[in-house]
Amino acid sequence: MSFKVPSNFNELLKLIEGELSPISVDVRSSKRIYVDIKKEDIRRAAKLFLDLFEPLRGRFSTATAMDCRDHFEILYHFSFSELGLVLTVRCKVPRYKPEIDSIADLIYGASFIEREIHDLMGIKFMGHPNLRRLVLPDDWPEGVYPLRRYG
Amino acid sequence: MIDLWVVGLSIAYIVLIGLLIAPNIGLFLTWIHRKLGARMQWRIGPPIYQPWADVIKLLSKELIVPETAHRATFLLAPLLALATVILAFLIMPFVGRTPLAFVGDVIVVIYLMSMPALAAMIGGSASGNPYAAVGVQREMTLIFSYELPFIMAALVPILKARSLKFIDIINYQLGNGPLVFTISGFLAFVVMVMVMQAKLALPPFDIPEAKTEIIAGPYVEYSGPLLALFKLAHAVMLLVVACFVSNMLLGGLIVSDWSSYVVILTDLLLIAVKILVVIIIAAFIRFYNPRLRPDQAFGMFWKTITFIAALALILSFVPIPYF
Amino acid sequence: MMSGGELVIPLGPYHPAFKEPELFKLYVDGESIVNIDIRLGFQHRGIEYLAQKLTVQQVVFLVERICGICSTSHPTCFCQAVEEAMGLEVPDRARYIRTLIAELERIHSHLLWAGVALHLIGYDTLFMYFWRYREPVCELFEELTGNRQHYAMLCPGGVRRDIDLKKMRPKILKVMKEIKEAITKLADAVARDRLVRARMEGIGVLTKQDAIRYCVVGPTARGSGLKIDVRADEPYAAYKELGVDVKVMTEGDVLARTLVRVLETLESVEIIERCIDSMPNGPITAEFNEYPVADGIGKHEAPRGEDIHYVKLNGTPVPERVKIRAPTYANLPSLVPQLIGYSIADAPIILGSIDPCFSCTERVSIVDVRNGRTITLSMDEFNEFCRKRKNPLKVR
Amino acid sequence: MTKLKAVLEGFRALIKGPFTVRYPFEPSPPPETFRGAPKRDIEKCTACGACYQNCPTKAISILDLGKEVAVDVWYGKCIFCARCTEVCPEEAVKMSLTYDLSTYNKEEVRESVSMPAQRCQICGKLITSDRQVDKVIDRVKILPLPLNYHMMVSLCPECKRKQQATLLLGLRVERVPAITIPVAVSEKK
Amino acid sequence: MSGLITWARIKSPWLFHFNSGSCNNCDIELLDALTPRFDVERFGILLEGSPRHADVLVVTGIVNRQTLPRLKRIYDQMPNPKIVVALGTCATSGGIFSEGYNIAGPVDKVIPVDVYIPGCPPRPQAIIDGIVKALAKIQALRGGKR
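In order, the protein sequence lines correspond to chains F, H, A, B and R. Residue numbering for the first sequence follows our numbering, beginning at 3 and increasing consecutively. Residue numbering for the second sequence follows our numbering, beginning at 5 and increasing consecutively. Residue numbering for the third sequence follows our numbering, beginning at -6 and increasing consecutively. Residue numbering for the fourth sequence follows our numbering, beginning at 184 and increasing consecutively. Residue numbering for the fifth sequence follows our numbering, beginning at 186 and increasing consecutively.
To be clear, the hints were calculated from the coordinates, so they are not data collected in a lab. All C-beta atoms in this analysis are idealised placements derived from N, C-alpha and C, irrespective of residue type, glycine included. Please note: incorrect hints may appear among the correct ones.
List time: in silico EDC-like cross-link candidates among lysine to aspartate or glutamate, alpha-carbon distance up to 20 Å [claimed, not checked]: (1) A:K159 to B:E294; (2) A:K220 to F:E56; (3) B:K277 to A:D155; (4) A:K160 to B:E215; (5) B:K188 to A:E171; (6) F:K33 to A:E171.
Examples of chain B residues lying across from chain A (beta carbon under 8 Å, computed) [stated by the list, open to error]: (7) K188; (8) F202; (9) R218.
Listing some non-contacts, in silico: residues in chain R with all C-beta distances to chain F over 12 Å [claimed, not checked]: (10) W192; (11) I195; (12) R250; (13) Q251; (14) D261; (15) P264; (16) G285; (17) Y286; (18) V295; (19) D314; (20) I323.
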């Protein structure tokens, strides 16, 4: 590990600001942090947090994909039990090219949710070991994504 | 020279005892198992007519032979199972001496008793279902592991009585007291009870038809009348096993003196008690044990139980009373 | 399709070991599992989509019906997320009632699981015993909330029904006492029984490293030595006042997970006793009239682990997006390291040991992440395989 | 011998007798708080539609039966969440203790409450029930309202809008065939 | 003879439980009906693992597109005569899920249903009532094939 493990809330914030160069950091409360990063940085973020999992009793909770009319937003929720907080990393994915790097090979727990988002929202996860159909039945038509709100 | 009326009598015997009495007693014993289990599990349990209702219902249902099955073997396997257990029952003395007794009948019964398992294997592999295939595999390995200690345990009374005839073994016990009260006899009894659980496919050895693992194992594709035959065979098997153990080690199921009413009554009562004791022991083991994993079960049979059986066999040679 | 001596054993979709349909394909060599492929999604009902069509108050009933066993976890989670988004303060009494219901549910769920797990290893008598002692809890629920399952107790801002504590207090305490006695007795019968131990000890081991990598939660994580529990880490409802003692085992096998659940049940009994002793009076709902444009995250320690909901409101009563992550969804991938190398006979109990709730998960399929290899065999292919009357025995 | 503990429990069960309810032979009533099939007080219900709008499963429907309007609860779709009892302004809906709803024909398990309907005086479209109109009139009587109020309340929203528009433009108001409501109200009282 | 057969059928209904995508509660209440409190074994009811052994098919939950073909297959695998019970609101009408995108419809859209037991979930007592209704239907069939 090339960094000092943060022992409190402020150190974690500092670490994120230093390591990930986020677009913005939104501290809602002592339990919720929202960090906006560029979608290219997601693997870097995943690697960073993976290293924090053991010392901070953290884990990848889930990812939410949202249809925001002109772009998609993916929110990766990480929980850190030691600090009792949920850290949400937000990435914007353009609508014309719905692609983002996969973190499933780093964090095994992310494999399902990426496939699910691929199914329901039609976002491609580049480098996912197995991006097969997951939730929907096999005879589901191609190119129809039930959770997309705006076409 | 065979008299015609002897043949007639034998047929009547087979029909009366084999096809009417044996299945009914067997079904009654299964009801005891179910009811006792239910009561010990805080339940009320099924009414007494339940096993008959089950069998009649199954007999009345549609007969399905799955497309994947080999038709003839699939149909014959349950018949084989039922026929062999009924034959095994007929050969053994039950209340009276059986007309079918002959030298070596113990050996024949031991072989007939392993036939239902073989029939299940035949039927299972004929049905072409993967669960059945796994069940057959397990059944096969299980047979290999329990037959040896079973035969060793059966040798204890045979060696004590120096005979391969049931009636001689029973007579020996009438003279010297039931074998279970000797050390070697008791060990043989323990072995037989364990093997009995495996032969009846009851926990902890209900491995071949483990419901939560492989659904119903070899019986998965069976339905309607064919399943009813298997159920009947299983019920009669319960009776056969209880009879076998009682005959070999518990002093035999026989009325020693037909001239005195008192003796007849007490002996009949004793017969019932002996069978019930065996059945209730089986029920207790069944209800208070989880199912073992196949390899654990095989290990148990090959190591512990075979060892106990061997010990019993050795002790049976020791010429001291109560050994 | 078939390689070498492998035999494919489908565990599901309809299998007596599970009350829910999921298809686990076990690739076995003899009796030992060499690879698994899990095709889930037999219960996908599109709840996240439906949630975007109902009002916030109605979604509570929808998320309640994600899963029947943990049917108060999802509403708690959802309501907390909505409350966070709206900035609502939940009244004290409501927080205590939520805790009471959640802990009762944990007891009912763990007893249910214990019964089912023992049923999976063929110990039906103990299954009946556990369910017999679970039944009073259900009856308690019926009296407290009006239904044996699906309690419909929560609404954003509080709870929907008040509890008549004067009447219920002796009843709750009586049931708790009975459960405490029964659990201590039956847990001994499970954990010290040689044959049960033989079926559970050293089976389905999940190491701490794997547990972290696969991001497991709940008793599965706590059985592997990961001390994570939302109730203690991020106290919600009344857990801050009542306190939670997190139980952890380090072995990571089926037995450890079982014992964690047993200890947790006893802990829940104590929490409930403390909860009804110190329940404050007051209102049970916080009023709200406006729907802001905001988002919030709700977390709850369901009986199976951490449950997390993300809710985004768009200024109307109908939420813009509801994201649901049930605990089993996080725990399922960890089955890959748990299953491989063990026997088919172990598969049901290993699968059962994570207390899978497929209707929560309602989707998913597993990939062997380590080598990326998956073999999919649809049911039709499988039937084909059966129809050819190639006896699997002969294939070997 | 820990197995003994389990066996002892078995003996306890044998001695104490079964834990089973003798249900079909003896009644097994649910507790007072049970959420059974929602039942409607026919005297109180005004068919206002609050339950219909709030029902999460759309098990409740408002049916137009010509002269009558019916509130129909289909128990086949009801999830017994008791949302309708919360939102009912008249407190007409109560969760009953009925739980046995099993049936051969699923269309049968419904409760329909019907009451005289109020139709639009111009286009004849269903507005709501008579009772609801009475209630609204009752409530707003004290307020200073335009005289043509009674006429307005007996029109459907579409016609009302047209009437208001014509009023605002100073055009002649279309004559409403017969204003019967006040009479009806007084009769009922 | 047919009287005896009908008697046996009524006294020994074996269930096969099919979960076509429910929330588990109906399944649990069905299982609950087997356990000490309700003990349906006193009416001869058993839960069987294989559809081949069963007389009554109990379906819980709304049928989704994934389970649709399997439900049909299981129904075909069961030997005649057979009875289908739709357990719970979802199986009866779809309940809260009826508008989802992955839904094929309630059970009676796929296979003929004999008895419906609405409830979310039904009390075990209601399940017993429903099964009794199903048995009355068996009596009406009088051993004939459906």
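How the hints compare with the structure:
1. Between A:K159 and B:E294 the alpha-carbon distance is near 36 Å, which puts this suggested pair outside the 20 Å criterion.
2. For the suggested pair A:K220 and F:E56, the alpha carbons sit about 11 Å apart, so the restraint of at most 20 Å is met.
3. Restraint check for B:K277 and A:D155: satisfied, since their Cα atoms lie roughly 17 Å apart, inside the 20 Å limit.
4. With a C-alpha separation of about 12 Å, the suggested pairing of A:K160 with B:E215 holds against the 20 Å cut-off.
5. Taken as a hint, the B:K188 and A:E171 pair is honoured in the structure, with Cα atoms around 16 Å apart against an allowance of 20 Å.
6. Restraint check for F:K33 and A:E171: not satisfied, since their Cα atoms lie roughly 39 Å apart, outside the 20 Å limit.
7. Here the hint on B:K188 is kept, as its CB sits about 5 Å from the closest CB of chain A, short of 8 Å.
8. The criterion of a C-beta within 8 Å of any C-beta in chain A is met by B:F202, whose closest approach is roughly 6 Å, and the hint holds.
9. At about 4 Å, the closest approach between the beta carbon of B:R218 and any beta carbon in chain A falls short of 8 Å, and the interface hint on this residue holds.
10. Remark: the non-interface label on R:W192 is consistent with the geometry, its nearest Cβ contact in chain F lying 44 Å away (cut-off 12 Å).
11. A cut-off of 12 Å between C-beta atoms confirms that R:I195 is not in contact with chain F; the least separation is 39 Å.
12. Non-interface call for R:R250 relative to chain F: violated, since the shortest CB-CB distance, roughly 4 Å, does not exceed 12 Å.
13. A Cβ of chain F approaches the Cβ of R:Q251 within 12 Å, the least distance being about 5 Å, so the stated non-interface status is violated.
14. A cut-off of 12 Å between C-beta atoms confirms that R:D261 is not in contact with chain F; the least separation is 20 Å.
15. In this structure R:P264 is separated from chain F by more than 12 Å, as the shortest Cβ-Cβ distance comes to about 29 Å.
16. A beta-carbon of chain F comes within 12 Å of the beta-carbon of R:G285; the shortest separation is about 9 Å.
17. A beta-carbon of chain F is positioned within 12 Å of the beta-carbon of R:Y286; the least distance is around 5 Å.
18. The claim that R:V295 lies off the interface holds: its Cβ sits roughly 14 Å from the closest Cβ of chain F, which is beyond the 12 Å cut-off.
19. Annotated as non-interface, R:D314 keeps its C-beta farther than 12 Å from every C-beta of chain F; the closest such distance is 35 Å.
20. Distance check for R:I323 against chain F: the nearest CB is about 35 Å away, which clears 12 Å, and the non-interface claim stands.
Consistency with the previously given hints fails for numbers 1, 6, 12, 13, 16, 17, ordered from lowest to highest.
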